[in-house]
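*Asks:* What follows is the residue order along each chain.
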Amino acid sequence: MSGMAPPAVSAEGRHRFARRLPSGAIIYLGFVLIFVLFSITLRDSGFLTLENQLNILRQTAFVSVMAFGMTYALSAGEIDLSIGAVVALTAMVTAVLLRDANALVAVPAGLSVGIIVGLANGLLTTRLRVPSFLITLGMAGIVGGLSRWITSLQPVPVLDNTYTFTFGSGDIGPFPTLFLWTLAVLLVAHVVYRKTTFGRELLATGGNRTAARYSGINTARIRIASLVICSSTAALAGLLYVGRLHSARYTLGETDLLTVIAAAVIGGTSMAGGRGSIIGALLGSLVMGVLNNGLILMGFSVTEQDIARGVIIIVAVALSLREAPES
Amino acid sequence: MTAPPAASVDGLATSVVLAAHGIRKSFSGVEVLHGVDFTLRRGEVHGLVGQNGAGKSTLVKIIDGAYTGDAGEIQVNGVPLGPGGPGASRKRGIAMVFQEFSLIPAMPVGQNILLSREPKGRTGLIDDRGVRRQARDALARIGADIDPDRLVEELPVGSRQLVEIAKALSQDASVLILDEPTASLAAAEIRVLTEAVRKLTADGLSVVYITHHLDEVVAICDRVTVLRDGAVTLSAPTSEVTISTIIEGMLGRSLEGTLAYQPHDVDRTGAPLLRVAGLRNRRLNDVSFDLHRGEIVGVAGLLGSGRSELMRAVFGVDGLDAGTIQIGGRQVDIRRPGDALAAGIALVPEDRGRAGLVREHSVGHNILMAAWRRFARAGFINDEAARRTAEGFVEQLNIRTTGLDQEVKGLSGGNQQKVVVAKNLSVKPSVLLLDDPTVGVDVGSRREILVQVRELAAEGNGILLVSSEFEELSGIADRVLVMKDGAVVRVLDRDAGDDLSQEAITRAVQSSEVGPAETQG
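The listed protein sequences correspond, in order, to chains A and B.
At position 253 of the first sequence the residue is numbered 252 (numbering that gives the first Met the number 0), and the sequence of numbers has no breaks.
At position 467 of the second sequence the residue is numbered 466 (numbering that gives the first Met the number 0), and the sequence of numbers has no breaks.
In case anyone wonders, no lab produced these hints; they're calculated from the structure.
A portion of the hints provided could be inaccurate.
[To be verified] A few chain A residues that don't get close to chain B, going by computed Cβ distances all over 12 Å: (1) Phe30; (2) Ser44; (3) Arg57; (4) Ile115; (5) Leu145; (6) Leu179; (7) Leu182; (8) Thr254; (9) Leu290; (10) Val301; (11) Leu318.
[Unchecked claim] Pulled a few chain A residues facing chain B out of the computed Cβ check, cut under 8 Å: (12) Phe132; (13) Thr195; (14) Arg199; (15) Glu200; (16) Ala203; (17) Asn207; (18) Thr209; (19) Ala210; (20) Arg212; (21) Ser214; (22) Gly215; (23) Asn217; (24) Gly273.
Each residue gets a CB set at the ideal place from its N, CA and C atoms; glycine is no exception.
Chain B on its own, in the form it takes in the complex (with noise of 0.2 Å):
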C-alpha cells in the first residue's frame, strides 16, 4: 500500500479514496436514500451524522456491500466498486467496524484479531507466538495497551471496541468505517479511542466515523455529512459549522431549551421515597441517599464507579451483603427483580438488547412484558385492553413503528429505547431507575425520553438516573451523587447552591480521584 502525502488543496481528485454518487436505495418499494453523494478524502476523519433512521447505517452498508444500491456508483481509488457483496469491499480496503461487536467473547483477543488469517509455521500448523506478535503490533499501531492473551469477555466494553479496531486494521484496511464506536465508552476510554483513530488517519488512513455525539464531530473530524430522511442536508469542513448547524441540519429545528433545567416541585416531607442505606456487596462500599417524591436525582462516575452496580442492587438483580431499602419509609426486602417491580421500582436496564427486549417479539409484547397481569383475570388476557395501553404508550412517546405487531428487532435503536421506556411505564413505577438510556439513541428520541422522565417525577414520582451525558445530568437532575469504587464520594445539590454545570459536574467527577480516601472492601 502506497502512502502518498496528505492532500493537497489542489490535487482534491487524486485524494480522493471513496466517491458515491447519486445513491438511491428502496426497501419494499419505500425509498430511504434519495441520490446521496459521499465523498472521503485520504487521510481525513468524515463524521457521518443524522437521526436514526435517516440512512447513515443504509448507506454505510452499501458501502461496506452487505446492501446492493438500486442506483448510484461507488468508485474506490477512481476505480468502481462492482457488486460482489462485503468479500469486495474488504478487497479493496474497505473495513467496516460493527456497533455489534463481531469478536467471540471466549476467545483471546490475538486470536480473535486474525482469525482465520492466522500465520502458519512450516508444519501448516498455527505459529502461536506469531499470532501474539501480529496481534500485539496491530494494537500498537493504534496505541491499545492489551494483552494478546486476555480472553475478550473478560475486557471493558472500550477495550473490545479497539480490538475490533485493530481486527479491521490487520486486514489492510484503508478505509475504516466506524459505527458509533464511542456509544458505550466512558470518558477515559474515549479519548485512547480518539488518539487511536488520530493515529491512523496519520498514516494515510480514511475514517467514516458514525456517531451521535456531535462534540466528538467537531473534536476530531474533518469534516461532517448530515443526512436528514435519506437526503444529505449538510456536507462541510468541521472548521465551518457548529453544533447548532449540525443539528439544524439533523432536525431541521433546533434542540435548544430541552436540555435547560427546569424548576419544579420535590415534596420533601415526611419519609423519603426511596431511602436506601448502608448498601453494600462485592461492587458496592457502603452507599446511602434518600430520594423524594418528585425529585430527580443524577448519578455521575466513570465506568466500573459503581453507578450501574446501584443500580441492579436496588433493582434486586445483584445480591446485598449488607444495607436497607425503604420505599416511603416501609422497609422491602428485594431479593429479585419481581420484587423490586411489586415495590413500585422499575429499571431500565444499561444493555437494552441484552437486558430490555426480546427481539424477536412485537413492539406490542415487548412493551407490555412486564404488565401482562394487569391485564389479566383468572390468568386470561383481555387484548382488547392490552392493545390499547400499548398503543398509547406508541403514541406518548412517539415510537416509530409500523404497528404494534412488528418486530422489535426492526426498530432503529432509539425507537428500541423508547420501547423499553415504554415497558417500564407500563408498570406504573413510582422510583423508576434509569441506567445510561440515551446510550446510542439519537437526538429526537433522546429528549422525547427526557421529557417522559421529567413527565414522571412532575406526577410525584422519583427518578434516579445514570448518565455518562453530563449535560443531561446538568439539564435535568436536582441533585448529583457522584460515584467512584463502589461508594457516593460527593452530592452535588442545586438547593445547596452547588453549580451542577456540566463542566461542575465532569470536574467533580474527575476530581473525585483525590477524594476521600475509601478502604475498599
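Isolated chain A, as found in the complex (with noise of 0.2 Å):
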C-alpha cells in the first residue's frame, strides 16, 4: 500500500508483520529446489528430456484439477473426503454411457454425477449441521459402493476416439490436452477464487462464519457451492482419466485423496479455512508430480513408492506450514 499515513501500529502488530514471509514463498522455493536436485542427479536417467516433462504435467493433471476444487471447499472452512469415489463413479457412468449411448449423453452425465454429489455435501452438511468431514467420509462410502455396483467389478473398455482424444489422450501441436484442461481449469478457478465476490465471500465464510454472517454473506449458500465445485472437479478429473487409460475401473481415484490434500496444503490452503492459493495448488501439485516422478526413475518399486510418497507428504506439508508462525 503507497501513501499511506506514516506507520502506527501496535507492538504486537509490528512483530507479526515482520516474521510473515510473503504467502507462498516456500512452495515456489522448494518447487525450484527439488527441480535442480532432479536435473542433476537424473540426469542420465531421463528427468531432464522433453518427453519425461510433458508425462509430468499429463500425470499431474487430475492431481491439479482437484487441488484446485479442493481449494475452495478447505477456504470455506470444509473438507471433501469423496473426490476419489466420485472420480470412480463419474468414470464408470461416463465409460457405460460411451458404450451405451454417446459422448454427448456420457459427458454431461459423468460431470453431473459431481454436481449431485457435491450438492448432496452441501446440503446434508449445512442442514443438519454435521461437519463436512464426516458427511463426505460417509458419501465416499455410498459413492464409491455404487461405482463397484453399476459394472459388478468388471472395467469398462472405451472405444470412441474423439472422447479419448479430446479428454486425456491426444495433443494439440506440443501440449498433451490434459495440460490444455489443466490450464483452462485454473484459469478460471483462480479468477473465481481471486477476483469475484464469490471468492470473497467465501474466503470471509472460511475465516470466520459468524462474522461472515453478520457481514449479510448467506453462508450455507458458499460452503453448499464451495463442495459442489470441489466435486465437479473430480468428476472431471474422472472424465479425463477415462480419456487417458481408454477404459474406466472403479480403483480409479482412490489414491488420489491423500495427495490432492497435500497438494492444496502445500501451495499455502489453510486447513483451518479462510486462506487459500489456486498458483500454490498447481504448484503443490507438481511438487507432488516431480517427486513421483523422481522416485520411478530412481528405480524405486511401486510399494517403495508408497512408502516414500507418505514420507514425502507429512515432511512437505509440515514445511509448509511452518510459515504460519500462529497456532
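Join the two chains into one complex using the hints; note that each chain is given alone, in its own frame.
*Replies:* Shown next, in the form of C-alpha cells:
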C-alpha cells in the first residue's frame, strides 16, 4: 500500500508483520530446489527430457484439477473426502454411457455425478449441521459402493477415439490435452477465487463464519457451492482418467485423496479455512508430480514408492505449515 | 511465602516486589518502549494506563516473560529475573491474567483452575474431591461464589474472569497482572471483582491493573503509572492525581467536550425511520419503540437485561416469536442478518473478535467484507474502487495501520473496533445498531467512534446505541431506553425534560429493580 499515513501500529502488529514472509514463498523455493536437484542427480535417467517433462504434466493433471476444487472447499472451512469415490463413479457412468449411448450423453452425465454428490454433501453438511468431514466420509462409502456395484467390479473399455483424444490422450501441437485442461481450469478457478464477490465471500465464510453471517453473507449457500465445485473437479478428473486410460475401473482415484489435500496445503491453503491459493495448488501438485516421477526414475518399486510418498507428504506439509507462526 | 506487613514509609526498598529499570524494546527496528521504569510495592494495586499502542501490553509481556526486553533489568524481590520465558516468571510468583481467557469452555470450573496441577490420590489417579475442594478454596479466597462443577461455558463473562483470577492465584502468585479485567463486565460484576482485588492486597499480594476505566483507577488503585508512546508520562499515588491529569498524561490533551451533549435536529414528522412493535422471543418480552431520522437512542441495562438480545433480534440473528419491524413505515421481514442489511440496518456486534472480524484477513478485506457486491459488476470486483473506499475509511476513522494489507489481528483493540465500525459504515446503513462499541477501546479511539456516530445521525440516519458506559449515553443520546428482563421498563427523554445525566441513568438502571412487575414469559 502506498501513500498511507505513517505506520503507527501496536507492538504486536509490527512483530507479526515482520515475521510473515510473502505468502507462499516456500512453495516456489521448494519447487525450484527439487527440480534442480533432480535435474542434476537424475540427468542420466532422462529426467530433463522434453518427453519426461510432458509426462509429468500429463500425470499431474488429475491431481491439479482436483486440488483447485479442494482449495475452494478448504477455503470455505470445509473438506471433501469423497473425491476419490466421485472419480470412480464418474468414470464408470461415463464409460458405460459411451458404450451404450454417445459422448454427448456420457460427458454431461459424468459431470452431473460430481454436481449431485457435491450438492448432497453441501445440503447434508449445512442442514444437518454435521461437519463435512463426516458427511463426505460417509458419502465416499456410498459413492464408492455404487461405482463397484454398477459394473460388478468389471472394467469398462472405451473405444470412442474423439472422446479419448479430447479428454486426455491427444496432443494439440506440442501440448497434451491434459495440460490444456489443467490450464483452462486453473485460469477459471484462479479468476473466480481472486476477482469475484463469490471468492471474497468464500474466504470470509471460511475465515470466520459468524462474522461472515453478520456481514450479510449467505454462508450456507457459499459452503454448499464450495463442495459442489470441489466435487465437480473430481468428476472432471474422472472424465480425464477415462480418456487417458481408454477404460474405466472402480479403482480409479482411490489413492488421490491424500495427494490432492497435500497439494492444496503445500500450496498455501489453510486447513482451517479463510486462506488459500489456486496457483499454489498447481505448484503443490507439480511438486508431488516431480517427486513421484523422480521416485520412478530412481527405480523404486511400487510399494517402496507408496512408503516414500507418505513420508514426503508429511514432511512437505509440515514444512509448508511452518510459515504460519501462529497455531 | 512470608507475609510481611504493609509497606512502612521509610522501608520502601524492602517493600518493592517488582522493579523494572530502563526497559527498552523494539519490533522490526522501531522502538516501542523507550527505557521504561516501573516499580511495584508489596500489597499495592498499581494502575497501568495508556492508549492502545502506548506500550502497556509490551511492558507487561516483558515482565511476564512472553517477550524479552532489548535493554533494562527486572528484579523480583531484589533478585534479577533472568531470561527463561513465562515459566521463569511464573516460578518467581508472577501470574498474568489475560484479556483473552485461557480457560477451556467445555471443562468444569474446578478442573480449569487446577489444570495440569491436579491433586493425586494414592493410586496416582486424580482426586476429584480434592480438585473440587482446592478449587472452592481458591474461589473463596477472592470471595467468588461459583460452583466448581459448573462448566465454564455456562458462566457469564464476569464469573469467568473471576475463575481466571482464582486459577492464577492457585499457582502461589505474589504478583498478579490483570489485563483489562473489567472490560466485559457489568457494574455488579465489577464490584465483585474490585472486592476480590482488595481482599488479595490485604493478604500482601501486589496487583498490576491495566484498564481503560479511569474512574476505576482512582477508586481502587494505590498508585498509577501512565504510558504514552512507549514512555512514562506520569507515575504517582492516586491520591495526588485526578482523572483529568491522567488523561492529560495519556493524550497530551484533554478529552473534555467530546462527551458533552450537543443539541441536534431530529425529524419526528412522518413515519419513524425504525418502528419496532411487540418483539417477543425467548429473551425479549414485548419490546416496542420508535427511532426517528437523526435520532440517537441509547439502551441501558445490566448484562442479561436483554439489551444485546434486542440488537440481535432486530438484526435477524435471533428469531422472533412475535412482533413487527418497520423501516420508514414499510414492514420488513428480517430472518437473517442479510435481510437486515438489505433493509438498511447494520450492527456493530458486542463481540468484535467472534462476530465482527476475520482476524487473519487484511484490514482492507475486513472493511469491505459486507460490501463486495457494491464494487462488483457481473460478480467481478473493481479492486481499484474498493481500495479507494477502504482507504477513505482508514482516513476518516483514523485507523492506525501500516496499510490496507496488514492483517487485522495486528491492530490494537481500539483500531480493530474502528475497522468493524468502518465495515458497517461501508454498507451505508440508515439505521446503525451499536452494541457496546467502546468496550476495551482506548480513549482516543472511543472519541473517534463517537464522533462518527454523531456524524451519521447528523446525516439523517438513526442510531441505536447500547452502552455500559452511561457517561457515553449521557453525552450522546437523545433518549435512553432502560431495559430489564427483556423488556423496556423506562424511557428517559431529553425533550420531555428528563434528566439524562450519568447519575440519573445509573439510578434508572438500578431502580428498575423495583420497576413495573413484568411477567416473565
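*Asks:* So, for every hint listed, does it hold in this structure?
*Replies:* These are the hints, each one checked on the structure:
The Cβ of A:Phe30 lies farther than 12 Å from every Cβ of chain B, with a closest approach of about 25 Å, so its non-interface assignment holds. Every C-beta of chain B lies more than 12 Å from that of A:Ser44, the closest at about 43 Å, which supports listing it as non-interface. The non-interface label for A:Arg57 is consistent with chain B: the shortest C-beta to C-beta separation is roughly 32 Å, beyond 12 Å. Once the 12 Å rule is applied to beta carbons, A:Ile115 is consistent with being away from chain B; the minimum gap is 24 Å.
Look at A:Leu145: its CB is around 34 Å from the nearest CB on chain B, clear of 12 Å, so calling it non-interface holds up. Separation of A:Leu179 from chain B is adequate, the least Cβ-Cβ distance of about 24 Å exceeding the 12 Å criterion. Every C-beta of chain B lies more than 12 Å from that of A:Leu182, the closest at about 20 Å, which supports listing it as non-interface. Remark: the non-interface label on A:Thr254 is consistent with the geometry, its nearest Cβ contact in chain B lying 32 Å away (cut-off 12 Å).
Separation of A:Leu290 from chain B is adequate, the least Cβ-Cβ distance of about 29 Å exceeding the 12 Å criterion. Every Cβ of chain B is farther than 12 Å from the Cβ of A:Val301; the closest lies at roughly 40 Å, confirming the non-interface assignment. For A:Leu318, the non-interface assignment is confirmed: its Cβ lies about 20 Å from the closest Cβ of chain B, beyond the 12 Å cut-off. The closest approach between the C-beta of A:Phe132 and any C-beta of chain B is roughly 19 Å, which is over the 8 Å cut-off, so the hint fails.
Annotation: A:Thr195 was flagged as interfacial toward chain B, and the flag holds, the nearest CB pair being 5 Å apart, inside 8 Å. Because the smallest distance between the Cβ of A:Arg199 and any Cβ of chain B comes to about 5 Å, under 8 Å, the interface hint for this residue holds. At a threshold of 8 Å, the smallest CB-CB gap from A:Glu200 to chain B is about 7 Å, leaving the interface hint in force. At its closest, the beta carbon of A:Ala203 sits 5 Å from a beta carbon of chain B; the interface hint therefore holds under the 8 Å criterion.
Among the interface hints, the one on A:Asn207 holds; its C-beta lies about 4 Å from the nearest C-beta in chain B, closer than the 8 Å criterion. Look at A:Thr209: its Cβ gets to within about 5 Å of chain B, closer than 8 Å, so that hint holds up. With a least beta-carbon distance of about 6 Å to chain B, the hint placing A:Ala210 at the interface is held under the 8 Å criterion. Look at A:Arg212: its Cβ gets to within about 6 Å of chain B, closer than 8 Å, so that hint holds up.
With a least beta-carbon distance of about 4 Å to chain B, the hint placing A:Ser214 at the interface is held under the 8 Å criterion. A least Cβ separation of about 4 Å between A:Gly215 and chain B falls short of the 8 Å threshold, and the interface hint therefore holds. A cut of 8 Å between beta carbons decides the hint on A:Asn217: the least distance to chain B is about 6 Å, and the hint holds. Look at A:Gly273: its Cβ gets to within about 6 Å of chain B, closer than 8 Å, so that hint holds up.
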